[in-house]
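If you read the sequences in order, they're chains A and B. Numbering-wise, our numbering puts 66 at position 71 of the first sequence, and it's gapless, one number per residue. Count along the second sequence from 1, then add 3; that gives the number in our numbering.
To be clear, the hints were calculated from the coordinates, so they are not data collected in a lab. All C-beta atoms in this analysis are idealised placements derived from N, C-alpha and C, irrespective of residue type, glycine included. Among these hints, one or two may not hold up.
Unchecked claim - Example chain B residues on the side facing chain A (calculated, C-beta under 10 Å, incomplete):
no. : residue
1   : V7
2   : T34
3   : G43
4   : Q44
5   : P46
6   : Y53
7   : R58
8   : L93
9   : C94
10  : S97
11  : K99
12  : T105
13  : Y107
14  : F108
15  : P110
Claimed, not checked - Below, simulated DSBU-like cross-link-like pairs (lysine-lysine); rule was C-alpha separation at most 30 Å, straight line:
no. : chain 1 : residue 1 : chain 2 : residue 2
16  : A       : K44       : B       : K29
17  : A       : K109      : A       : K44
18  : A       : K56       : B       : K29
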Amino acid sequence: AQSVTQPDIHITVSEGASLELRCNYSYGATPYLFWYVQSPGQGLQLLLKYFSGDTLVQGIKGFEAEFKRSQSSFNLRKPSVHWSDAAEYFCAVGARSSNTGKLIFGQGTTLQVKP
Amino acid sequence: DAGVTQSPTHLIKTRGQQVTLRCSPKSGHDTVSWYQQALGQGPQFIFQYYEEEERQRGNFPDRFSGHQFPNYSSELNVNALLLGDSALYLCASSLKAGLQETQYFGPGTRLLVL
Chain A
-4 AQSVTQPDIH ITVSEGASLE LRCNYSYGAT PYLFWYVQSP GQGLQLLLKY
46 FSGDTLVQGI KGFEAEFKRS QSSFNLRKPS VHWSDAAEYF CAVGARSSNT
96 GKLIFGQGTT LQVKP
Chain B
4 DAGVTQSPTH LIKTRGQQVT LRCSPKSGHD TVSWYQQALG QGPQFIFQYY
54 EEEERQRGNF PDRFSGHQFP NYSSELNVNA LLLGDSALYL CASSLKAGLQ
104 ETQYFGPGTR LLVL
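Isolated chain A, as found in the complex (with noise of 0.2 Å):
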């Protein structure tokens, strides 16, 4: 069956530290690869996405990911986290087919920003 995992439902670091983000699937093929975040009260925003190409991928608000396919993993990191990242962030993985537009979404990661 299809799905993804986010083994982490609550991840606190203070401002200033390294993050990182972890999110393993289950998938028929490699399928294509996105990172979400959604602040409070608020719809879902494309932090980054893994098509094809280079398996390190870049995004916005300094974030970034790694796709490791011996691993099913696609995990996001962030080397300096800011007092604005406090959010929810979501792992999904989508077909590689024209017939099928669904995403399958983690249950998502919370992460709170000390100060």
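Here the structure of chain A is known, so what remains is to put chain B in place on it, guided by the hints.
What follows is chain B alone, placed relative to chain A:
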């Protein structure tokens, strides 16, 4: 460039009632997807509309139906509301150009069923 817009922002209904939620896609987009996000959960795919037809459907009952208009805007209808339908309903738009359909999300409609 207007992003995805949704209306209303909040809605309160009672069990058994019907509700209609509306979505206007990002300029230039022709495909609309709907997701349900329960509290503390990730979004769950309801269905997707392209060329005014339902293209794919998730694991939701027939009480959930939709429509897409010629201008690409879309409606989500839910009949016979249940308490469990309380959630944030998200609309996402994309452009069916090849295989890479990045979905951009609206702010959502928060539905409370009493």
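Taking the hints in turn, this is what the structure says about them:
Taking 10 Å as the C-beta cut-off, the interface hint given for V7 of chain B holds, the closest approach to chain A being about 8 Å. Checking T34 of chain B against chain A: minimum C-beta separation of about 6 Å stays under 10 Å; hint holds. Taking 10 Å as the C-beta contact cut-off toward chain A, the hint placing G43 of chain B at the interface holds, the least distance being around 8 Å. This hint holds: Q44 of chain B has a C-beta 6 Å from the nearest C-beta of chain A, less than the 10 Å allowed.
For P46 of chain B, the interface hint holds, since its Cβ comes within 10 Å of a Cβ in chain A; the closest pair sits about 5 Å apart. This hint holds: Y53 of chain B has a C-beta 8 Å from the nearest C-beta of chain A, less than the 10 Å allowed. Annotation: R58 of chain B was flagged as interfacial toward chain A, and the flag holds, the nearest CB pair being 7 Å apart, inside 10 Å. Taken as an interface hint, L93 of chain B checks out: its beta carbon lies about 6 Å from the nearest beta carbon of chain A, inside 10 Å.
With 10 Å as the threshold, the beta carbon of C94 of chain B comes within range of chain A, its nearest partner Cβ sitting at about 8 Å, so the hint holds. Look at S97 of chain B: its Cβ gets to within about 7 Å of chain A, closer than 10 Å, so that hint holds up. The restraint placing K99 of chain B at the interface with chain A holds, with a minimum CB-CB distance near 8 Å, inside the 10 Å limit. Here the hint on T105 of chain B is kept, as its CB sits about 6 Å from the closest CB of chain A, short of 10 Å.
At its closest, the beta carbon of Y107 of chain B sits 7 Å from a beta carbon of chain A; the interface hint therefore holds under the 10 Å criterion. Checking F108 of chain B against chain A by beta carbon gives a least distance of about 4 Å; that is within 10 Å, so the hint holds. With its C-beta approaching chain A no nearer than about 4 Å, P110 of chain B sits inside the 10 Å limit, and its interface hint holds. For a cut-off of 30 Å, the pair hint linking K44 of chain A to K29 of chain B stands: about 18 Å separates their Cα positions.
This hinted pair checks out: K109 of chain A and K44 of chain A have alpha carbons roughly 28 Å apart, not beyond 30 Å. The hinted pair formed by K56 of chain A and K29 of chain B meets the criterion: a straight-line CA distance of about 22 Å does not exceed 30 Å.
Checked against the numbered hints above, the structure breaks none of them.
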